[in-house]
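> Construct all of the structure, not just a fragment, from the sequences and the given hints.
The chain contents come next:
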Amino acid sequence: MIFTSLSIDELISCEKQIIEAPARDFKEENRHRRRDMRLQDMGAEKRIFSVFIRQSLEFAEDFSLGLVYLSQDGKRMTMIRYNGQHDQSNDPYDLAKSHFQYHIHKATAENLNNGRYAKHPAIATRDYASFGEATTEFLQTIGLRADDISIHFPGMDSLPLFRNRGTLP
Amino acid sequence: MNYVELLSDGFNNHVDVREKRPGVMKLIVPLFHEDGDMVDIFLEEIADGRVRVSDRGLSLMRLSYDFDIDTENKERIFRRILNENRVQEDRGNLFVDVAPAHLYPAILNFGQTVAKVTNMALYRREIIANLFYEMLQDKVVDRLGEFRPKEDIIPIPQREELVVDYALLEKTTTPVYIFGIKERDTPKLRLTAVSCLEFQKAKLPFRSVVIHQDFESLNKTDRQIITNAVDKQFTSLDEFTASGKEAIERLAA
Chain A
-6 MIFTSLSIDE LISCEKQIIE APARDFKEEN RHRRRDMRLQ DMGAEKRIFS VFIRQSLEFA
54 EDFSLGLVYL SQDGKRMTMI RYNGQHDQSN DPYDLAKSHF QYHIHKATAE NLNNGRYAKH
114 PAIATRDYAS FGEATTEFLQ TIGLRADDIS IHFPGMDSLP LFRNRGTLP
Chain B
176 MNYVELLSDG FNNHVDVREK RPGVMKLIVP LFHEDGDMVD IFLEEIADGR VRVSDRGLSL
236 MRLSYDFDID TENKERIFRR ILNENRVQED RGNLFVDVAP AHLYPAILNF GQTVAKVTNM
296 ALYRREIIAN LFYEMLQDKV VDRLGEFRPK EDIIPIPQRE ELVVDYALLE KTTTPVYIFG
356 IKERDTPKLR LTAVSCLEFQ KAKLPFRSVV IHQDFESLNK TDRQIITNAV DKQFTSLDEF
416 TASGKEAIER LAA
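Heads up: the protein sequence lines correspond to chains A and B, in order.
Note that the numbering used here gives residue 92 to position 99 of the first sequence, counting from 1, and the numbers run on in steps of one.
Note that the numbering used here gives residue 255 to position 80 of the second sequence, counting from 1, and the numbers run on in steps of one.
It is worth saying that the hints were derived from the structure and are not from the lab.
Remember, predicted model here, so these are calculated numbers, not experimental data.
Note that the Cβ used here is the ideal one computed from N, Cα and C, for glycine as well.
Keep in mind that a hint or two might mislead.
[Said to hold, decoys possible] Simulated restraints on C-beta separations:
#1 R398(B) - K68(A): 23 to 31 Å
#2 Q333(B) - K68(A): 40 to 48 Å
#3 T246(B) - E3(A): 34 to 42 Å
#4 R138(A) - A296(B): 28 to 36 Å
[Said to hold, decoys possible] Computed list of chain B residues with no C-beta within reach of chain A, every gap over 10 Å:
#5 N177
#6 E180
#7 L181
#8 N187
#9 E194
#10 E219
#11 R254
#12 E259
#13 T288
#14 L306
#15 F307
#16 L337
#17 T347
#18 V369
#19 L372
#20 F390
Rendered as structure tokens:
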């Protein structure tokens, strides 16, 4: 399969339903808390995805929510990750540009087509400013069915009325 | 010089620190993961005048995005990485305590250790053949998750030695019993053959599937034994990945 930015966007946003529900409460281990679930897209292909949600217990601002595509040929491809605040560089070779912002890692066609499935570049974002907002935004971005959100993530089904959107320079 | 000045001197001033929490300094240093996230390294003075270099649990959190240390084999590899790099662990926190004068080499070593730990998923998939059974588990869950595979099922309660690795009991007309066999694992192969023959003798309704790590590694006798005992075989994990789900759906119908 050859990936394009369009096919990546489609994989991320296609409507999905939960086929393995997350535990009701977060599980704590190794100084972080976690929830996991498995999703299936609601189209004819019935593609399978997994979702991980992690948050540091010591640094609440340090978290990651990720969507992983489990391809038919057995590959795990991380498609998008909503991250909290930790030091990050859009270009690790450019020392002048590290930042400390909320940021989103998104798969690129170049990475996936070259067998780099897990680690993708990031852009700083204004789309959320807390773990709760990131969760709400993430669940909508990955196309999770509204019913599933209201059942398994109560209170996470609506976004704040006033907020800044978009990427940061 | 205090420890921050010593460190800065070692790194030729290409480092900085930020107070993350009272008494805990986050090291800003050009050590990055593949996706551009900075390696999490924290510094704090401890009672005996040394400095604790730690990650406050963030490396294992990062690892958990796509890999869990949930088997003895994985745990053994994890402990070996730490031990060989003289890094300790306390409830997920990786750390090393060093004298201020040794901070520079300690941080370089710590950064390497974090890189090894956070990339353990690569060891699973590409390097360590001994992790076949863990890889098989991943594949079964990934490919057959909708059947809710049950692990380590004993179909005949009074025969506890006859264990099925994975049983598909839901969404199947006939139960499917799946066995994994590592390369050249003759004892497992023969136990699998005996198990299937005993299940047949007990007139259990089931279909049997074997997933080999490498069918070609088996000798001729073993190949005959297993071929005569089971319904369907996959000669490698890749074969199972490519066509396993469809084949099992046909078997279970």
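> Work down the list of hints and note, for each, if the structure agrees.
A quick look at each hint next to the structure:
1. At about 30 Å, the beta-carbon gap between R398(B) and K68(A) stays in the expected band of 23 to 31 Å.
2. Separated by about 42 Å at the C-beta atoms, Q333(B) and K68(A) satisfy the suggested range of 40 to 48 Å.
3. Checked against the hint of 34 to 42 Å, the pair T246(B) and E3(A) passes, with Cβ atoms roughly 35 Å apart.
4. Checked against the hint of 28 to 36 Å, the C-beta distance between R138(A) and A296(B) comes to roughly 29 Å, which is consistent with it.
5. Look at N177(B): its CB is around 22 Å from the nearest CB on chain A, clear of 10 Å, so calling it non-interface holds up.
6. The Cβ of E180(B) sits about 20 Å from the closest Cβ of chain A, beyond the 10 Å cut-off, so the non-interface label holds.
7. Under the 10 Å C-beta cut-off, the non-interface status given to L181(B) relative to chain A holds; the minimum distance is some 21 Å.
8. A cut-off of 10 Å between C-beta atoms confirms that N187(B) is not in contact with chain A; the least separation is 12 Å.
9. Every C-beta of chain A lies more than 10 Å from that of E194(B), the closest at about 13 Å, which supports listing it as non-interface.
10. No beta-carbon of chain A comes within 10 Å of the beta-carbon of E219(B); the shortest separation is about 12 Å.
11. Consistency note on R254(B): stated as away from chain A, and its beta-carbon is indeed over 10 Å from all of that chain's, at 14 Å minimum.
12. With a minimum CB-CB distance of about 20 Å to chain A, E259(B) clears the 10 Å threshold, and the non-interface call stands.
13. Look at T288(B): its CB is around 16 Å from the nearest CB on chain A, clear of 10 Å, so calling it non-interface holds up.
14. For L306(B), the condition that its CB be more than 10 Å from all CB atoms of chain A holds, with the nearest at approximately 15 Å.
15. Every CB of chain A lies more than 10 Å from the CB of F307(B), the least distance being 14 Å, so the non-interface label holds.
16. The Cβ of L337(B) sits about 29 Å from the closest Cβ of chain A, beyond the 10 Å cut-off, so the non-interface label holds.
17. Once the 10 Å rule is applied to beta carbons, T347(B) is consistent with being away from chain A; the minimum gap is 17 Å.
18. In this structure V369(B) is separated from chain A by more than 10 Å, as the shortest Cβ-Cβ distance comes to about 30 Å.
19. No Cβ of chain A comes within 10 Å of the Cβ of L372(B); the nearest lies about 31 Å off, and the non-interface call holds.
20. Its beta-carbon lying about 18 Å from the closest one in chain A, F390(B) satisfies the requirement of being farther than 10 Å from that chain.
Violated hints for the displayed structure: none, as all numbered hints are satisfied.
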